[in-house]
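**Q** Listed below, chain by chain, are the residues.
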Amino acid sequence: MSAQFAVLPGRDDPHVGSIPDDLAVADPLVAHYLSHALHANDSIAAYNALTEASLEETRRIRQFLPNTLRQSVRGDCDALLTDVTAPGRADDLAQALRDWGTDDPLPWLALRLLIDDNPDGTARA
Amino acid sequence: MEEKCTWHDELDMLDASLAVRSPGPDPIFLEHARLNADMIATVRRHAPNEETLRRTLLPMTVRDLPIVADVSAVVASLPAPPDPVAFVQIACAQQWEIPPALRDWIVTHLAPHACRTVVTILRAAEQSDAIAARCAAIARAPAGWSTEEINALLAALPKNARAVLRSNTNMPANAPTHPDRQDAFRQALNALAALPLAAALPARHALDAPAQTAWRSGRRHAGEIPATVLRSHGRIFADIVGAPDDVRTVRRSAGPG
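Same order as they appear, the protein sequences are chains B and G. Counting in the working numbering, the first sequence runs from 71 upward without gaps. Counting in the working numbering, the second sequence runs from 1117 upward without gaps.
In case anyone wonders, no lab produced these hints; they're calculated from the structure. Just so it is clear, the structure is predicted and the values come from calculations on it, not from any experiment. Among these hints, one or two may not hold up.
[Unchecked claim] If we take Cβ atoms under 8 Å as the criterion, some of the chain G residues that face chain B in the derived model are:
| id | residue |
| --- | --- |
| 1 | Pro1195 |
| 2 | Ala1338 |
| 3 | Glu1340 |
[As the list claims (entries may be wrong)] Listing some non-contacts, in silico: residues in chain G with all C-beta distances to chain B over 10 Å:
| id | residue |
| --- | --- |
| 4 | Leu1151 |
| 5 | Asp1154 |
| 6 | Ile1156 |
| 7 | Pro1182 |
| 8 | Pro1200 |
| 9 | His1229 |
| 10 | Gln1243 |
| 11 | Asp1245 |
| 12 | Ala1252 |
| 13 | Ala1259 |
| 14 | Asp1296 |
| 15 | Asn1306 |
| 16 | Ala1315 |
| 17 | Ala1343 |
| 18 | Val1357 |
[Claimed, not checked] Computed beta-carbon distance windows for the label pairs:
| id | chain 1 | residue 1 | chain 2 | residue 2 | range |
| --- | --- | --- | --- | --- | --- |
| 19 | G | Asp1180 | B | Gly171 | 52 to 58 Å |
| 20 | G | Ala1279 | B | Ile114 | 29 to 35 Å |
| 21 | B | Asp190 | G | Glu1166 | 42 to 48 Å |
| 22 | G | Asp1186 | B | Pro136 | 38 to 44 Å |
| 23 | G | Ala1259 | B | Asp190 | 21 to 27 Å |
| 24 | G | Asp1220 | B | His85 | 50 to 56 Å |
| 25 | B | Ala195 | G | Gly1334 | 25 to 31 Å |
| 26 | G | Gly1334 | B | His85 | 23 to 29 Å |
| 27 | B | Pro157 | G | Leu1311 | 51 to 57 Å |
| 28 | B | Gln141 | G | Pro1215 | 54 to 60 Å |
| 29 | B | Leu176 | G | Ala1279 | 43 to 49 Å |
| 30 | G | Gly1334 | B | Ala166 | 39 to 45 Å |
In this text, a Cβ means the ideal position worked out from N, Cα and C, and glycines have one as well.
Let the sequences and hints guide you as you build the complete structure.
**A** Printed below as a string of structure tokens:
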């Protein structure tokens, strides 16, 4: 892995090549994570790209991810709901999320950030 | 001579108290010595009072602090050392001699502040702490100094330290070869040099970090640091680490299909 590749990988990779040039200018860190995610099918990098992006950008960033990565980032929904809710309330939250729209990544990301060890992530959630 | 190659380099840190026992607490031995009960007892034997003992041992304590614990703040909070150059030498100079120009810089500036800055920069250049911690420390180092003063300090550093910190703005060896890319690259380096030192210094250090990292996983992590440090300067980031020459032309600017 070259040094340049480590910073912004796979610029000649057809998967990474779908990322617009302006993303690296607008947000170098999100471009870094997203490039690694697409190049290596790396769900942790995909999660980092989504959680580091501004709220306005999160949905756009998610559009670049293939379905497998989107599912990986969301993880086990039942386990996540059980982790973040009071005992017996997971079904209520699941219903609320269905009402919100199951394809929207923001509520799921917020829930994952809530149980993140990183205090910044918790605050962001 | 900036690279040391003398017998005391080979001294076992654990046995350094034996070397200090006879000649006394010379910085040349203390910089190698591990701070332990034997060393404290040996220094105490030479120290005329408790105040001298504390002043002698303080830089050894600072040397053992991780840079992430904010060495800078700790040193700034200490009383002015009677010999600032010796303090710096013990606190961080295990890899290099302190050149005359750096000695001059230290003694001509106010002691606690000068020690804080020099110790922070040299500790970062030792590269024993994580790259993110080093960049954070370097970003804090210029606080309270003028650009001219920091540039003078950087010029006075040992050659190896300057290389690690990439404190010069010459075109690096890995610059792109295509003329169009070289122009953008050079402009980005100029823009980087024009940033406030608190942003430019950690950025230059961070950009070199992946190349200095041998392990694949470590290099991957180090690659995150330039993107973090230059997050507010995306144009510079993109022009420096952007596409290699031969793939630049196929980059798209549209969103996903």
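**Q** State for each hint whether it applies.
**A** Here is how each hint holds up against the structure:
Taking 8 Å as the C-beta contact cut-off toward chain B, the hint placing Pro1195 of chain G at the interface is violated, the least distance being around 35 Å. For Ala1338 of chain G, the shortest C-beta to C-beta distance to chain B is roughly 6 Å, which falls under 8 Å, so the interface hint holds. Satisfaction of the interface hint for Glu1340 of chain G is found here, the shortest Cβ-Cβ separation to chain B being roughly 6 Å, below the 8 Å cut-off. Distance to chain B confirms Leu1151 of chain G as a non-interface residue, since its nearest Cβ pair spans about 33 Å, more than 10 Å.
Under the 10 Å C-beta cut-off, the non-interface status given to Asp1154 of chain G relative to chain B holds; the minimum distance is some 40 Å. Against chain B, the non-interface label of Ile1156 of chain G holds: every CB pair exceeds 10 Å, the least being about 38 Å. Separation of Pro1182 of chain G from chain B is adequate, the least Cβ-Cβ distance of about 20 Å exceeding the 10 Å criterion. Every beta carbon of chain B lies more than 10 Å from that of Pro1200 of chain G, the smallest distance being close to 37 Å; the non-interface claim holds.
Even its closest Cβ contact with chain B, about 31 Å, leaves His1229 of chain G beyond 10 Å, as expected for a residue assigned away from the interface. Every Cβ of chain B is farther than 10 Å from the Cβ of Gln1243 of chain G; the closest lies at roughly 15 Å, confirming the non-interface assignment. At roughly 19 Å from the closest C-beta of chain B, the C-beta of Asp1245 of chain G stays outside 10 Å, upholding its exclusion from the interface. With a least beta-carbon separation of about 15 Å from chain B, Ala1252 of chain G lies farther than 10 Å from that chain, consistent with its non-interface assignment.
Annotated as non-interface, Ala1259 of chain G keeps its C-beta farther than 10 Å from every C-beta of chain B; the closest such distance is 23 Å. Remark: the non-interface label on Asp1296 of chain G is consistent with the geometry, its nearest Cβ contact in chain B lying 14 Å away (cut-off 10 Å). The Cβ of Asn1306 of chain G sits about 17 Å from the closest Cβ of chain B, beyond the 10 Å cut-off, so the non-interface label holds. Annotated as non-interface, Ala1315 of chain G keeps its C-beta farther than 10 Å from every C-beta of chain B; the closest such distance is 13 Å.
A beta-carbon of chain B comes within 10 Å of the beta-carbon of Ala1343 of chain G; the shortest separation is about 4 Å. Consistency note on Val1357 of chain G: stated as away from chain B, yet its beta-carbon is not over 10 Å from all of that chain's, at 5 Å minimum. Between Asp1180 of chain G and Gly171 of chain B the Cβ separation comes to about 54 Å, which falls inside the hinted range of 52 to 58 Å. A hinted range of 29 to 35 Å for the beta carbons of Ala1279 of chain G and Ile114 of chain B is consistent with their spacing of about 33 Å.
In this structure the supplied range 42 to 48 Å holds for Asp190 of chain B paired with Glu1166 of chain G, their Cβ-Cβ distance being about 44 Å. Checked against the given bound of 38 to 44 Å, the beta carbons of Asp1186 of chain G and Pro136 of chain B, roughly 42 Å apart, stay inside it. For Ala1259 of chain G paired with Asp190 of chain B, a C-beta distance near 23 Å keeps the hint of 21 to 27 Å intact. Distance hint for Asp1220 of chain G and His85 of chain B: a CB-CB separation of about 55 Å, consistent with the stated range 50 to 56 Å.
Hint check: Ala195 of chain B to Gly1334 of chain G, Cβ distance near 30 Å, so the stated range 25 to 31 Å holds. Distance hint check: the CB atoms of Gly1334 of chain G and His85 of chain B are about 24 Å apart, consistent with the given range 23 to 29 Å. The supplied range of 51 to 57 Å is met by Pro157 of chain B and Leu1311 of chain G, whose beta-carbon atoms lie about 52 Å from each other. For the pair Gln141 of chain B and Pro1215 of chain G, the beta carbons lie near 58 Å from each other, so the given range of 54 to 60 Å is met.
Between Leu176 of chain B and Ala1279 of chain G the CB atoms are about 45 Å apart, so this pair conforms to the stated range of 43 to 49 Å. Range check, Gly1334 of chain G to Ala166 of chain B: about 43 Å between beta-carbon atoms, so the 39 to 45 Å window is met.
Against the hints set out earlier in the document, violations occur for numbers 1, 17 and 18.
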